[in-house]
Each structure stands twice: as C-alpha cells, then as structure tokens.
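For reference, each letter of the sequence shown is one residue, going 20 to 446 in my numbering.
There may be inaccurate statements among the hints.
Stated by the list, open to error - Estimated spans, in silico, between C-beta atoms of each pair:
1) Asp369 / Tyr242: 31 to 39 Å
2) Gln365 / Phe71: 14 to 22 Å
3) Asn260 / Phe71: 42 to 50 Å
4) Lys311 / Asn180: 36 to 44 Å
5) Gly379 / Glu89: 45 to 53 Å
6) Gly345 / Pro211: 44 to 52 Å
7) Gly345 / Glu267: 21 to 29 Å
8) Lys26 / Lys311: 52 to 60 Å
Claimed, not checked - Subject to a maximum C-alpha distance of 25 Å in a straight line, what follows is the list of computed DSS-like cross-link-like pairs (lysine-lysine):
9) Lys254 / Lys311
10) Lys47 / Lys91
11) Lys175 / Lys91
None of these hints come from the bench; they were simulated from the model. All C-beta atoms, glycine included, are put in the ideal place defined by N, C-alpha and C.
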Amino acid sequence: MDMKFCKSRYINTVILGAGVAGLGAALKAREVNIEYEIFEAKASAGGLLDNFVIDGYRFDNAVHLSFATEEKVRDIFDRTPYFSHSPDAVNFETDKWLKHPVQNNLYPLPAIEKVTLIESLIHRPESELADNYESWLIHQYGNEIAKRYPMRYTRKYWQCNANELSVSWIGNRLRRAKLSEILYGAFTDDTPNDYYAKEMRYPKKGGFKSFIQPLIDESIINYNYEVTEIDLSGKTIKFSNGVIISYENLINTLPLPLFIEFCGANVPTSVKKSASKLEATSLDLISVGFNKSIIKDLWFYIYDEDIYASRAYSPSVKSSDNVPDGCSSLQFEIYNPGRDSQYTVQELKDNVIYAIKKMGIASDEDIVFLHHKRLPWGNVVFKKDMEKYRDIVREYIFDNQVKSVGRFGEWDYLWSNQSFLSGYSSI
C-alpha cells in the first residue's frame, strides 16, 4: 500500500512495526472489526522473523525454530507445512564436541577434568538465595561447571558478566543439574535429550517467515514508513517521508528507548533517564554458503573466546529448501553490548573462517561466500534493577494511552509465539 500521496490522514488504530507482535495486534483488530493500519520502516514485513537470500541460499535473521504450544499460535503456524526436528544441539570447546546440555554430557573430557567438575557439583552451595545470575549458576551446577561453561557463554551471548544479570528472565530455559545425570553423562555418550522443548518446527519452504506469511498477506501494511516524531498529546506520528498520521489508539512494537526518543522534549527527564538505562544487545550475522552437503547439526554453542560467535545454526538442516541442491549453510551470531559492532566486517569474516577450520567443519574450497548483516536490536539484557527502569517507561507510555507490545515493546525475553500473543492481546 502506498499512501505517500496523502500527507495527512486519520486512522483509528495505528500499529508501529510489522513484526510478529504487530501482526498479532492486526489480526485481533480484524477479528473485532477495528480500523487499523501497520506502519513498517523496512521494505518487508516480519521484523526479526524476516529473512534474506544470497545467491540462492536463504537465511533467517538469526536462529528461529518454533516450539509453540498455544492453540491460537498453532492455528496460524500450522497452516504452513513444516518439518519437525528433535532439538539435538551440540557444544564446541577447544577441540571437542559435547552434546547439549553440556553439564550432562561430559563423556568426551579427560578423567581428571570430569573429577574436578563433578566434585565441584557435589559441593555446590545449597542456599537458594541467589540475587544474581552468577550465584544462581553456582547454586545449580557448582563453581567449576558454572565457570567453565555458562559463565563463559554469558560473556559472549549477553555481553556482560553473569554477576551483572538478574535471575528474573531464566524461567525454564535452564534446569538444575542432578548428580545422577551428571555421573551418567560422564560415563557414556548415550544420554537422553533434556532440552526444554521436545520438538522444533520449521517450514518446509520459504524460511521461518512462512509461518507468519498468512498474517502478512491479510494485514494492511505501509512499507518504508520510518518514524521521526511522535506527539503523544496531539496523537500524531510523523514519518521520514513527510506523512503525518493522526490516531485514536496507538500500539507500539518499537524498542522502548527508541520510542521515548521519538517522543521528544515533552518526555519527563526521569522517564528519559530510565529509558537510557535499558540495555539490549545488537547482532552481527555472518552467513556462510557451502558448495556441498557437509553440515549435519541443527545448531551449536561455542565456548571458546578466540571465536567471536556464541552460537551458529544451519538453515540447510532446518530445511533443504534454504540452499541449492547438494549444498549446505551456516549462520554465525556475534553479539555486541550496544548498537555498534565491536569488529569490522573483515574481522568478523576472518574469525568465522578461523572458527570453521578450528572446529573441523570445512576447508576454504568448500566455502562459496561469507555474507555480513547487522541487526541493531538482538536481546533485552536483564541487568539488575532493569525492571525498575522499564516499569517507569512502560507506565509513562501507558498513561499516554499507548499499548507497547512484543519483545522490545514490552522489553522482555519473549519468543516469537509469546510476542505474537503480546500483540494479539493488546486489543
């Protein structure tokens, strides 16, 4: 839809952002017959669930697999034919591959290292009074396992030390290790999969975005509409193309700090300060195309500090539709503590080539290309007291009759199904 010829108009309900949360809000608006339109800054919909194609190789914006159980979500996602994968992830450390979760699969390690790790687990503190992620990890796994694995991974993925994080975000993402499980996995590699989801679904064709394509097709979306100014009292939004939209109801999916920035000088200083305290990672993606079918693992975690990426996944394992016949692919995720990358594009590509060789994945002649893409917003970081600052911002937005939804609108650790429901329940 192109409305650029109309420089000023009124819409009952404006939705900022055509990611899965915005699409969820639009669906509910259609169901209850509310006039709405979505305004999307980019030329395509999907947000973090969008994808891109390089020389016939399709890549999602970072790893996406669905394990939704909610009936409303499944009703939409299951319209798309999908593959069902077992969540069999692996971990790489130094020169060894260990099954996931790593603490339950110490079998490949030398005996002396197993003894050190298990002995520390036995002597882990029993007190559950953990006020930060580091103390929580030590309580769960003991000092040695915590230091060697999750605390190292935290520095790469969350871009901070574990003692800087709260514990409010964990939920069922991590589980307390049982001594019997640790011992069993130290003696054999024939261990059960204890991942928090038993099935990972992925579309047969078109990438993860295909799950939400029905929502995109049914929605009223204005593309290339980049917000420049929001007047909350006047209930108007100005876009970079000069269009001004008046609204009765506003649903926001933009990151809270960005939304507050667009609201300008009228925002109270306390709210601006609180918004500035909200931290999120950004993401560099290095996507790699291979000229043969050499990738077998769905995704893997990387603990070594000399490899910048914290994890990688294979689009070609998720679906062969993502690559040309007989080929395969990987995408490496490198996180940054703010909006800017820590590395040059060439440094990132060189490090990925180094990682591929160190991990024994492929050789130079197997690589067709390396492609770089930046995602300015990755994950909300749950530093201690984050919720206090977030609540100040959310209360201000709510008091101005705005509903803020989705991962960055709610400022929460939401998966795609949760983000959809966040938007859907806002109307």
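Now the hints, each set against the structure:
{"no.": "1", "hint": "Asp369 / Tyr242: 31 to 39 Å", "in the structure": "holds (35 Å)"}
{"no.": "2", "hint": "Gln365 / Phe71: 14 to 22 Å", "in the structure": "holds (20 Å)"}
{"no.": "3", "hint": "Asn260 / Phe71: 42 to 50 Å", "in the structure": "violated (24 Å)"}
{"no.": "4", "hint": "Lys311 / Asn180: 36 to 44 Å", "in the structure": "holds (40 Å)"}
{"no.": "5", "hint": "Gly379 / Glu89: 45 to 53 Å", "in the structure": "violated (40 Å)"}
{"no.": "6", "hint": "Gly345 / Pro211: 44 to 52 Å", "in the structure": "violated (34 Å)"}
{"no.": "7", "hint": "Gly345 / Glu267: 21 to 29 Å", "in the structure": "violated (55 Å)"}
{"no.": "8", "hint": "Lys26 / Lys311: 52 to 60 Å", "in the structure": "holds (54 Å)"}
{"no.": "9", "hint": "Lys254 / Lys311", "in the structure": "violated (55 Å)"}
{"no.": "10", "hint": "Lys47 / Lys91", "in the structure": "holds (11 Å)"}
{"no.": "11", "hint": "Lys175 / Lys91", "in the structure": "violated (35 Å)"}
Of the numbered hints given earlier, the model fails hints 3, 5, 6, 7, 9 and 11; all others are met.
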